[in-house]
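Visitor: Here's the letter readout for the chains.
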Amino acid sequence: MKIQSLRLCALALACACWLTAQAVDDTQLKQVIIFGRHNVRAATAPNTYLDQYSVQQFPDFGVSAGILTPKGEKLEAILGGYYRQWLTKEGLLTGNDTADANFVLFHANVIQRTIDTAQHLWAGLLPGAPVNVQYLTPATVADPLFDPVGAGVAQLNSQVAIDSVNGRLGGNPQALASAYAPEIALARSVLLGYPPGEVPPPQPPKNVIDVADFTTNPIVLTPGTGGAPVNLGGLSTLENVVDPFVMEYADGLPVGWGQLDVGGVSQTARIVNLLLDLDFRTPYLATVQSSNVASHIVRSLVQASTGNPAWGALGNPSTKLIVLIASDVNVCGLAGLFHIDWLLPGYPPDFCAPGGALVFQLRQSKSTGQYLIRASYIAQTFDQLRNLTPLTLDAPPAIAPVFIPNCSAGNATFDCPLTTFVGIANQLIDPHSADFLN
Amino acid sequence: MKTPALRHVTLALLCGPFLAALPARAQSAPGQSNPSQSSDDTQLKQVIIFGRHGVRTPILPDTYLDGFSAMLFPTFTDSSGAPLGVGVLTPNGATDETILGSYFRLWLTQEGLLTGHDQADANFVYFRANNTPLITGTATAFWTGMLPTATPHIQVVAQGSDPLFDPVDAGVAQLDYPTAVAAVNGRLGSNPQALATAYAPELALTRSILFDYPVSTTPAPLTPTGKTDVTALPITLGAGDTSLPVTIGGLTQVIEAIDPFVMEYTDGLPDAQVGWGQLTTGSINQTFRLYDLLLDLEFRTPYLASVQSSNLASHIVRSMMQASSGSGIWGALANPSTKVIALIASNTNIVGLAGLFHLDWLLPGYEADVSAPSGALVFELRQSQSSGAYIVRTVYIAQTMDQLRNQTAFTLAAPPPSAPVFIPGCSVDNATFDCPLTTFIGIANQVIDPHSADLVH
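Read top to bottom, the protein sequences are chains A and B. Position in the first sequence (first residue = 1) + 12 = the working numbering. Position in the second sequence (first residue = 1) + 5 = the working numbering.
Hints in this document: simulated from the structure, not taken from any laboratory. Only a predicted model underlies this, so the values are computations on that prediction, with no experimental measurement involved. One thing to keep in mind: the hints can contain errors.
To be verified - Facing chain A, according to a computed beta carbon distance under 10 angstroms, are these residues of chain B, among others:
1. VAL162
2. THR184
3. ALA199
4. GLU207
5. LEU210
6. SER221
7. GLY282
8. THR286
9. GLU372
10. ALA373
11. ASP374
12. TYR401
13. SER423
14. PHE438
All C-beta atoms, glycine included, are put in the ideal place defined by N, C-alpha and C.
In isolation and in its complexed conformation, chain A is listed as follows (with noise of 0.2 angstroms):
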């Protein structure tokens, strides 16, 4: 006990030696990868589709199925802004904006809610350069870096799909509907219209399907489609049923018909994250789905630090800032190659926020030339989106510092060396699922 102790203290000292070093953070930032979802959107799925499991009709975002929302518009820009005055305090930015986007690469996926998002946050974040957001068209092509198997150039083997995401469930996954019975209630509840709890829960109308019967819509793994490489029966049905209450909040529209507030949406929203979790951070699919976009952000900041262009990397060594713009699906899937987790106030743990986004710095030691990899994640919380919050240094969105396993040192920022993280991601990345195209 008495070694321990000792330990203890010597720890204590040492943190406190440490955290007066971290006041001076001798660190420059040399390039930063923002690798975000679009901005709030209207449900994916039709209302007429939708309104077959409510008892009253889901409300109009004003736009089509999954398109952008002029809401989801500002908040973007207002997200650009604050990066704007965040990379001009770090001197990535000069102010002079036609002069900075010649090293700013924008890439968005193929849909129109992604490249919205990232013209809208170029709006925000270079005001005084004309938009130039680069994406693959026509928009039914699956773009490499966020659809590699889609491209051809990742290959999933569906039954393996279904084998690593069914060997985390027991080979049963219908068991989630017990294991997640308080989300399921809730979301029956407001779909139907009474408070949650009632004993026993009503029936519902008979015009309106249960979406809590998973007996007559079980909980099975079949291959995917549209976009998800396993689908899960029953539990899908459910996750694109209670997806617009996101959207619905942070648009500002009535949420759940007035039934739920921020903490029973958070609460709905454990079954979207189960979704992800299961389709894009199972191992096996984090890899297959998410090496090409991990690979091309590991080269691009390898590229950066040496001034060499490398191949598989993204603009040239010279480009200061890379945006890519996908959807959660994405950022989750670069999440679980990597094992990150992040928690922002309000949100579940590993959220994929409207707008929210896996942000990489690349900084270099003034005293070493060392360089180093600073991990985050940022988005605005429910309340920013909802009440449309503009952004300061001084009043930032949220922002989570980012542990990298077995590469983050045990400081406040979590940095990573650059050489580690090579390493680190030459073992999870997948060779095969991975393309050196630039």
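Go by the hints and put chain B onto chain A.
Guide: Structure of chain B alone, referenced to chain A:
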């Protein structure tokens, strides 16, 4: 592009005949008779059962716990009504453990690993338990079910900590506490207090049970005079010790307060004494998400799993290598002819090992990744009779809460639930998620930190 495609085709071809032999993608419990198993060409060569202790009394005295609740915590007693001590295996827990051991006896006899001659079989069995009465008692009760006519022989480390189960305290692994705190903090955005919001429904349920009111009461009643509201304590991180590497502030008291609930139910206490009559298995599960959260942060966080579970993982893998090769090797348990290795420890150990290999499971009626009383990760070393190749087949097996409460007996036709477990980076495409031993060794070498493991037997 062609190379990976070819690889998948090859894999599919290799798996094809096997799949053809397994028409039903049925859930496969150890020993459970099902159509898929009847044509399984593999033979069980060794099994490693890594289990948690059985149903126990609360780990803290009621005089302490009662500070957290409006009503007094129930007292666990023996059949004569005498109070049991703190943190001990209950008589019912021992009975449940023996029942589970009896099931393993049936299964391992069917598999040909046990013969029915207990004295002879005991020579090929290695039991090791962490050295507390709770855990040695569990191991003894399990042995009694598995080899009822042989004298239990449980290995323990007599002095000091067992390096298998507490490698940091034993000096085999070094835990850097600032890194431990950072590793957890960096999963929580350096804002552990945000857990109070993220787990608000579970904390609200916990508070309502502890202070005896319907969870839907608005506003929630005040904290009773003289009591501590564990759900309102600040959640902060600090350097811990070898039993809990990171202190987590008030979340620790929450766990202390809810820990008895599952034991109250599974020990068969009257309904009125299970959360003072307010808890069902469903709500026990919901409160236990907080316990699972703590275990996840403290033992599954990659740095912590690596330091705290590498030694155990190394010994498990080396024991399978030893059994497959037939030659004694350093860092393995027992000897090459050992057929059954039973390791009994705590939920922290099982969760940690699972975290190291990124294993998940789900059993009916439990939360995902639960480490239930008596539950075990089971690693089967099997050999193909046609090719001679060795594979590892993994399951998590545990009695349901009701099976524990009702002391349900098992047969091969009515087994405890088991979850076949997919081992990332290794399991192949069949119903039992078989993992070639050579591949398993390869991924073990990647995830095990050699500086946190020794080569002692």
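Visitor: If you take the shortest Cβ to Cβ gap from LEU210(B) to chain A, is it below 10 angstroms?
Guide: 8 angstroms, holds
Visitor: Report holds or violated for the interface hint on GLY282(B), using the least CB-CB distance to chain A and a cut-off of 10 angstroms.
Guide: The hint is violated - GLY282(B) has no Cβ within 10 angstroms of chain A, the shortest such distance being about 16 angstroms.
Visitor: Mind checking the CB of GLU207(B) against every CB in chain A and telling me if the closest is under 10 angstroms?
Guide: Holds, about 9 angstroms.
Visitor: With a cut-off of 10 angstroms, does the beta carbon of GLU372(B) approach a beta carbon of chain A closely enough for the hint to hold?
Guide: Holds - the Cβ of GLU372(B) comes within 10 angstroms of chain A, reaching about 6 angstroms at its closest.
Visitor: Going by Cβ atoms only, is ALA199(B) closer than 10 angstroms to chain A?
Guide: 5 angstroms, holds
Visitor: Identify whether the interface hint at ALA373(B) stands, where standing means a beta carbon of chain A within less than 10 angstroms of its own.
Guide: With a minimum Cβ separation of about 6 angstroms from chain A (threshold 10 angstroms), the hint on ALA373(B) holds.
Visitor: Would the hint on TYR401(B) stand, with a C-beta cut-off of 10 angstroms toward chain A?
Guide: With a minimum Cβ separation of about 7 angstroms from chain A (threshold 10 angstroms), the hint on TYR401(B) holds.
Visitor: Restraint: PHE438(B) near chain A, CB-CB cut 10 angstroms. Satisfied or not?
Guide: Holds: closest Cβ of chain A sits about 5 angstroms from PHE438(B), inside 10 angstroms.
Visitor: Quick check on ASP374(B) please, does its C-beta sit within 10 angstroms of some C-beta on chain A?
Guide: Cβ of ASP374(B) sits 9 angstroms from chain A, so the hint holds.
Visitor: Can SER221(B) be said to touch chain A, with a Cβ gap under 10 angstroms?
Guide: 5 angstroms, holds
Visitor: Hint validation: VAL162(B) versus chain A, beta carbon distance must be below 10 angstroms. Holds or violated?
Guide: It is violated, given that the least Cβ distance between VAL162(B) and chain A is near 19 angstroms, above 10 angstroms.
Visitor: Would you settle whether the hint for THR286(B) is holds or violated, based on the nearest Cβ-Cβ distance to chain A being less than 10 angstroms?
Guide: 9 angstroms, holds
When held up to the earlier numbered hints, the structure conflicts with 1, 7 and fits the remainder.
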